[in-house]
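Could you build the full structure based on these sequences and the hints that come with them?
Spelled out, the chains give:
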Amino acid sequence: MRKPAGLAILMTIGLALAGGAAPGDKAALAKKQNSLNSEYALAKESQFYFVLDVLGRKLELRVRGMVLRSWPLQSMRFWGKPEFSGNVELVRKTTLKAPQRIVIKPGGEEKAAPAPAPADKPAAANAAPANPAEFELEALELKDMPKRFSLDFDNGLHVTVRSENAGSGGLLRGLGEAWGWYVYLPLRNLFGRGEGKGLSELELIFDGDKDAQAIYWHFFDGIKGIIL
Amino acid sequence: MKRILIAGAALLYLGFLAVLGGAYYIGLKQAAAWPPREDGRAIADKDLPKVTRNVQQIERRMSALLPRGLYIVIDTAENRLYLKNGTDIVRTAVVSCGSGVVLEESGGKNRSWVFDTPRGEFSVKSKITNPYWVKPDWAFIEEGEAIPKGLEERIEAGTLGDYALGFGEGYFIHGTLYTRLLGRNVTHGCVRVGDEDLKAVFKAVPLGA
Chain A
1 MRKPAGLAIL
11 MTIGLALAGG
21 AAPGDKAALA
31 KKQNSLNSEY
41 ALAKESQFYF
51 VLDVLGRKLE
61 LRVRGMVLRS
71 WPLQSMRFWG
81 KPEFSGNVEL
91 VRKTTLKAPQ
101 RIVIKPGGEE
111 KAAPAPAPAD
121 KPAAANAAPA
131 NPAEFELEAL
141 ELKDMPKRFS
151 LDFDNGLHVT
161 VRSENAGSGG
171 LLRGLGEAWG
181 WYVYLPLRNL
191 FGRGEGKGLS
201 ELELIFDGDK
211 DAQAIYWHFF
221 DGIKGIIL
Chain B
1 MKRILIAGAA
11 LLYLGFLAVL
21 GGAYYIGLKQ
31 AAAWPPREDG
41 RAIADKDLPK
51 VTRNVQQIER
61 RMSALLPRGL
71 YIVIDTAENR
81 LYLKNGTDIV
91 RTAVVSCGSG
101 VVLEESGGKN
111 RSWVFDTPRG
121 EFSVKSKITN
131 PYWVKPDWAF
141 IEEGEAIPKG
151 LEERIEAGTL
161 GDYALGFGEG
171 YFIHGTLYTR
181 LLGRNVTHGC
191 VRVGDEDLKA
201 VFKAVPLGA
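From first to last, the protein sequence lines are chains A and B.
Numbering follows the working numbering, with no gaps: position 200 of the first sequence is 200.
Numbering follows the working numbering, with no gaps: position 174 of the second sequence is 174.
Treat the hints as calculated values from the structure; they're not laboratory data.
As the structure is a prediction and not an experimental result, all values here were calculated from the model.
Any given hint could be a false lead.
Stated by the list, open to error - Within a straight-line C-alpha distance of at most 25 angstroms, the following computed DSS-like cross-link-like pairs (lysine-lysine) qualify:
| hint | chain 1 | residue 1 | chain 2 | residue 2 |
| --- | --- | --- | --- | --- |
| 1 | B | 149 | B | 135 |
| 2 | B | 50 | A | 44 |
| 3 | A | 93 | A | 31 |
| 4 | A | 210 | A | 224 |
| 5 | B | 84 | B | 29 |
| 6 | A | 210 | A | 58 |
| 7 | B | 109 | B | 84 |
| 8 | B | 46 | A | 31 |
| 9 | B | 135 | A | 105 |
| 10 | B | 84 | A | 44 |
| 11 | A | 58 | A | 31 |
| 12 | B | 127 | A | 32 |
| 13 | A | 105 | B | 46 |
| 14 | B | 109 | A | 105 |
| 15 | A | 224 | A | 58 |
| 16 | B | 84 | A | 31 |
| 17 | A | 81 | A | 97 |
| 18 | A | 44 | A | 143 |
| 19 | A | 97 | A | 210 |
| 20 | B | 125 | A | 44 |
| 21 | A | 210 | A | 81 |
| 22 | B | 125 | A | 31 |
| 23 | A | 210 | A | 143 |
| 24 | A | 81 | A | 93 |
| 25 | B | 2 | B | 84 |
| 26 | A | 147 | A | 224 |
| 27 | B | 135 | B | 199 |
| 28 | A | 210 | B | 84 |
| 29 | A | 32 | B | 50 |
| 30 | A | 58 | B | 84 |
| 31 | A | 81 | B | 29 |
| 32 | A | 105 | A | 58 |
Structure representation (structure tokens):
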């Protein structure tokens, strides 16, 4: 009878020791609680929202807690102190050359090219391209989306999204971008702090063009999200 | 005079480099301090069980939000339809979604239409076999035709395929004659699906999904 009692005492001591969780575990739990609370507030609205997992190196589009699209980050860099707490809302999406919608006004002034006309009858075999991807359509498609653009959020965070190939645009453009990142932003970060305006600049680089283009497609003005 | 100018330019340049160096130093310090360390003092030991229960409760609530049974996800960028059950993809179909074109009516009414496939969460509100298309005003305006007065002049059979699933506001998932254009953004907002995939989706998905 002493053995089971002794075992019980040992088990109790073991459980008591295990109950004292390490600081790292408590920190992770606190962070998990905060992020779940933020995400639940968005998920219950049944609207699309995004989750930028900075440490996990991925950007996800979700609804009701379900991942619809996931884009892995190739790399990331930042200046300043990006604030990653709570929910954020996209205020503005900017790019050098935003994709334009085709506008059709039959019978009036022509504002744009004719509407896309699907083929009614099969054309001559040697005239029609065999691959549907080769049809030149006047429509807004994924390939028309920019590969480099900026997202401004309501907490002051400015995120530049680009594909790896979007960075290469000639020597002048490269020099301009290098100047912007290595000279202008550090100086703005330095002098902005003095004026009480912290810089919060993040650049996300994705592997393929399609990833950046899909993000531009899916991110509408007003979309909310959390940044972990 | 020349020496003074050169000295001044050199001092200016060195000053600029010093400021830039200072900016880099501050930037590097900020980068080193990120992500912010949490030393676990955020949760007291006595609150740990409560926080753990709270996390589990939120996780249960999040799980409860997920759709039950089969559901459809349409990616308008990639023109793909996914029939899903939980996290499993049951079937993938190549579809056609909205073209994004804007049609403006010339003349008195000045109406306009944007041919986007709507984004958001919807439910299957109707399931129709052998649907016929009741052409809306824009279908005539787009072709430069007069808008008919009678309903019978608007009805067109055979263009929507064998099945149609309505998800509200006049939008449908339906068949198409233009199968060669599946995978491209060519529609006026509806989602066009190939015959085989449409049949499978129609049979599998219940009303309300």
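ask   = Given the hinted pair residue 105/A and residue 58/A, is their alpha-carbon gap at most 25 angstroms?
value = violated, 42 angstroms
query = Would the pair residue 50/B and residue 44/A pass a check requiring their Cα atoms to be no farther apart than 25 angstroms?
reply = holds, 23 angstroms
query = Under the criterion that the straight-line Cα-Cα distance not exceed 25 angstroms, is the pair residue 210/A, residue 58/A satisfied?
reply = holds, 15 angstroms
ask   = For the pair supplied as a hint, residue 125/B and residue 44/A, is the alpha-carbon distance within the 25 angstroms limit?
value = holds, 22 angstroms
ask   = Holds or violated: residue 210/A with residue 143/A, Cα cutoff 25 angstroms?
value = holds, 8 angstroms
ask   = Between residue 84/B and residue 31/A, is the straight-line Cα distance small enough, at 25 angstroms or below?
value = Given that 25 angstroms is the threshold and the Cα spacing comes to 31 angstroms, the pair is violated.
inquiry  = Can you confirm whether the C-alpha distance between residue 32/A and residue 50/B stays at or below 25 angstroms?
reply    = holds, 14 angstroms
Hint consistency between residue 109/B and residue 105/A [alpha-carbon to alpha-carbon, up to 25 angstroms] = holds, 13 angstroms
inquiry  = Holds or violated: residue 93/A and residue 31/A, Cα atoms, limit 25 angstroms.
reply    = violated, 29 angstroms
task = Verify the proposed pairing of residue 147/A with residue 224/A, using a straight-line Cα cut of 25 angstroms.
result = holds, 21 angstroms
query = Holds or violated: are the alpha carbons of residue 81/A and residue 29/B at most 25 angstroms from each other?
reply = This hinted pair holds, its Cα atoms lying about 10 angstroms apart.
query = Is residue 84/B within 25 angstroms of residue 29/B, Cα to Cα?
reply = Outside the cut-off at roughly 47 angstroms; violated.
Hint compliance for this structure: hints 3, 5, 7, 12, 13, 16, 17, 18, 21, 22, 25, 32 are not met, and every other hint is.
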